[in-house]
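Trainee: Chains as they are written, first to last, in our numbering: chain R, 1 to 304; chain S, 1 to 281; chain W, 1 to 451.
Hints in this document: simulated from the structure, not taken from any laboratory. Heads up, some of the hints might be wrong.
Calculated lysine-lysine pairs in the DSSO-like style (CA-CA distance at most 27 Å, straight line) [what the hints assert, rightly or not]: (1) K180/W with K191/W; (2) K70/W with K227/S; (3) K431/W with K191/W; (4) K70/W with K65/S; (5) K227/S with K82/W; (6) K62/R with K108/W; (7) K134/S with K62/R.
Selected chain R positions facing chain S (in silico; Cβ < 8 Å) [claimed, not checked]: (8) P31; (9) L105; (10) T120; (11) L122; (12) V131; (13) W137; (14) V177; (15) I226; (16) A237; (17) Q270; (18) G273; (19) A274; (20) F281.
Yeah, the Cβ is synthetic: ideal placement off N, Cα and C, and Gly gets one too.
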Amino acid sequence: MSFFVKLIGEFLKSKTLVRRRHRQLLLFTSPALTFFLLFAVFPLLSTIYISFYQEDVFVGLKNFEFLFTNDEASERLLYAFLHNVQFFLIAASVQLPTALCMAALLTSGRVRRMTSFYRTLLFIPTTLSVVIVGFIWRLIIHPLWGIVDYPLLGEAATALPTITLMSVWQYLGIPMVFLYSALISIPSNIIEAAQVDGASDLRIFFRIKIPLIAPQIGIITILTFIWIFNAFDIIYALNGGAPGPDYATDVLGTLFYRTFFGWGPDLGNQNLGAATATVIFFIILFGTAVYFATVQRRLKASQL
Amino acid sequence: MIRREGRVKNQSKNLMVHLSLLFFAILAIGPIFVMVINSFKTVEGIFTGPLKIPNSETFTLDGFKRAIGQGNFVRNYGNSTIITLGATLLTVICSCLAAYGITEYTTKLSAMIAGLFTIGIMLPVTLGTIVIIKMMVRFNLLNTHLSLILVYVGIFVPLGVILMVTNFRTVSNELKEAARIDGANEFKTFLIVLPLVMPGVAAVAAITMLPVWNDLWFPLILTAGPKTQTLTLGIQQFVGTYQNDWQALIAALVLGAIPLILLFTLFSKQFIKGLSDGYSK
Amino acid sequence: MTLPGRSARFCLVSGLTIPTKYSEGVRMRIKKVSLIFAMSISLIIPASVIPAVAAKTTLVIDSWRTDDSKIWNEILIPMYEKANPNVDLVWAPTPSNEYDSALSLRMKSGTAADIVMCRPYGLTKAFIKDKHLIPITGLPGLNNFTKQSQQSWANASGVPYCMPVASVGAGFYYNKNIFKELKLTVPKTQKEFIGVLDKIKKNGKYTPLVAAGLDADNWALDQMGLQLVGPYYWKGDAGGVALDNGTRKVTDPEYVAAFEALASWKPYLPKTFSSLSYSDAEQLFILGRAAIAVEGSWSVKEMAPPGSNVGVFGAPVAKAGDKPYVQVLADFGFGINSASPSQAEAKKLLTWFSTKEFGQALANNLPGFFPLSKEKISVDNKTAQAWLNLRDGAIVTAPIGMDKMNTGSPNWFSVTTNILNKMMTTNMTGKQAAAELQKSLESWYPPQKKK
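With the rest of the complex left out, here is chain R (with noise of 0.2 Å):
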């Protein structure tokens, strides 16, 4: 609050050099702001605006109201952020050990040389698009033409987990590059001190650098959440708009698209679709929030 009325006070007091630096700036960020504004967050609060409109005519929580009462849309939606949980658990729980573990081993000091090869390597899978790896995977898992035995894919129980391993190799990369870079970023004398101290790769690994990075894990796994919560891409390579076996493979993402966009016959709610998109991002929103006032400040505070 106080910050607000500190930038008022700057706007109002005369001085030529706020002013002119005020111009500059604006000058020099208008185009970028322009882009940002104008086609990322317009949208959004738009699509919030839309959501409380039926066609043109203004309803108030209406839409809402069905997404949460109504005894089909409330079991999809509830069914869709329940598979969007399991989808985060799976890939934060698989994901950022392996990215750690793949981080710790390429700054080990062990490999020199080799350090880009075997970073270039374990990189290439995100450069790939979800179509290609959607149907690679899809091939060697498939009972027929590939080494699995067990229908993955079709089997309720084990299509999301399936779709969540794939996710997960295909995006390693990231977290792995991200925990590389603070892991090297950790001043080498710290290090040092501790092996002269007599301790061992193991031990400096987990008292040591992980504390370090800590806050970098929790960015780190906030971002997945965000981006897990927004996940559409891959279940649409391999089900289309399908909702999968059941509606086992179904996540918020495939479920906005199927109720702005429709399915066979059903030509699809733009209003519900948007209070659908609403309340996903207010699910992320949230649980940002969450993540944000609990776990990051206490990470900070256990810093060095």
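Fit chains S and W to the supplied structure of chain R, relying on the hints for placement.
Mentor: Chains S and W in isolation, oriented as in the chain R frame:
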């Protein structure tokens, strides 16, 4: 005695690390490698020995010929290139300008703008698709490259700005002051400083190109027509259409994967710098 | 701050003067950057707003039949263009699983093709309601079709919106060689059918029965599953009308019997059925690994290519001697996008679709699609003829649930396909599936709502 033991222990630890990394690398590259070798094989070759390298009997380019002939590939490549280059160029330009402004004219407002962009990195833009469609329809931009370029710039500018901000902060003030003394106006000063932040520019370009080229959602929604289809979308439709033509399918996937794999291996340093700098803020 | 010769020209282009204080290297880099800058912008902006330039009238046709692209591009379209040199036809299909949502989006944003292939009922009715198709009352050629065949593409008062084109049937392909090898005869009753499947399963060399089990292809379990064996039990069209009016429930014995007849296939489908896509099932049959495939007549080209030894048989009856029912679906027609700028030419094309010339070309090149027109059209493909022969001595019916129960959300399509897939891939029984469908209908379909 102790020294030799120590070195053996050290060597075996090195070996373990190498083996682990090799294991991960095989997990990462294996599937792709298998796909690539199978794209050069005949159908019998694919089904009888999927893990074998094509020999003189099983080698063929038929898959590629059919994929290029039946799919829209040449046009899709062109579309993807135009869109990716356009979006990347505009993002780089806007990001550099904005970042220069933020680092140069520091006020409470600039801090606010920087904060806005920081939040912008995490914004789930796809949720605003409904309105984006309406906007594009209103301005007759549906099924044009421009529609995608505009949306992508809006999405990736925040990350670009934050990345460039860290780069611009490293530029010494003396250079700028000297330019100003010589009478250069602000924009010229900016241009003078620009070559010094080229590594940052490369990083922004690298990490914008990757998601833009591979994006499925917006091309599906905004440019699904055959004239403006991107490569990623084209491959997805190719897979849906030619489900039984294994040769053409696998060849098509390889054609889709090659550009970025190539781009990445050539510019891996910039990619990685971009990712690590950007998110560590 | 002036610069000599060459560098001055560079600077003219980029329009800036650079203080000579900075090294030549830096100056050159700045100039290069600005030049590339200017060039790229001037190239990209025009390239990105590509105008559509048309010489003669171009009509774009959208369809879900990506498989037929070769025939359309090489035979059917040239036929029309030769007779109408001022028209350019472009065949631009969309993969079938995405057709509905993609077309819906394009219609809503005004970028759909001029001519669209019309799905029976459901989607077309929704388009008619939202005024995305133009009515074609009195269009020359329309009277080549019976009122009944126009029904799937007309509004509630019978005003037609799409020119009917072809119908398809549902049934079983069987591999004659495998049947000969295992000494099997074509089954007519349910008992015989199960007997045949049992024998094949016991022999172990081949998969007895294949169908589409993947959830993304669950439409197949409705159209070629429930609606293949069902009509016999619910007595054809009457059974559909009864559900529509609410006079019968899905939990009544005749419908439950239909679900159970479908469920009886379960032990004979491949173990990994739930991962089997529509094209995987086709592949298994074509490769000779499956003896019987559940399919539609449109796939004659793929399932019975020249040189193969493939036959067709229809749904079994429960009691020997009963008249079998054969499901025939008026599968597609063509309609005109109300936003099309070339409606006059589009209407001419629609009339051509009603002619004997087109119908015969369709039957010759796309065997398994049966022209709906009243004209006499000969079928020379053996397997396509076998499909037509199924109608001899049988009662021809249409699928149920596709009209009145298929509007809004949820609808017959979304609910039934989901339940059928669940029934066929889990331990769900026919009775339980019918009960679940009835429960769903009662919650959103007024005539079935519990009174």
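Trainee: Determine for every hint whether it applies to the structure shown.
Mentor: Okay, the hints, checked on the actual structure:
no.	hint	verdict
1	K180/W with K191/W	holds (20 Å)
2	K70/W with K227/S	holds (19 Å)
3	K431/W with K191/W	holds (20 Å)
4	K70/W with K65/S	holds (16 Å)
5	K227/S with K82/W	holds (25 Å)
6	K62/R with K108/W	holds (24 Å)
7	K134/S with K62/R	holds (23 Å)
8	P31	holds (4 Å)
9	L105	holds (5 Å)
10	T120	holds (5 Å)
11	L122	holds (5 Å)
12	V131	holds (5 Å)
13	W137	holds (7 Å)
14	V177	holds (5 Å)
15	I226	holds (5 Å)
16	A237	holds (6 Å)
17	Q270	holds (6 Å)
18	G273	holds (6 Å)
19	A274	holds (6 Å)
20	F281	holds (5 Å)
Hint violations for this structure: none, all hints satisfied.
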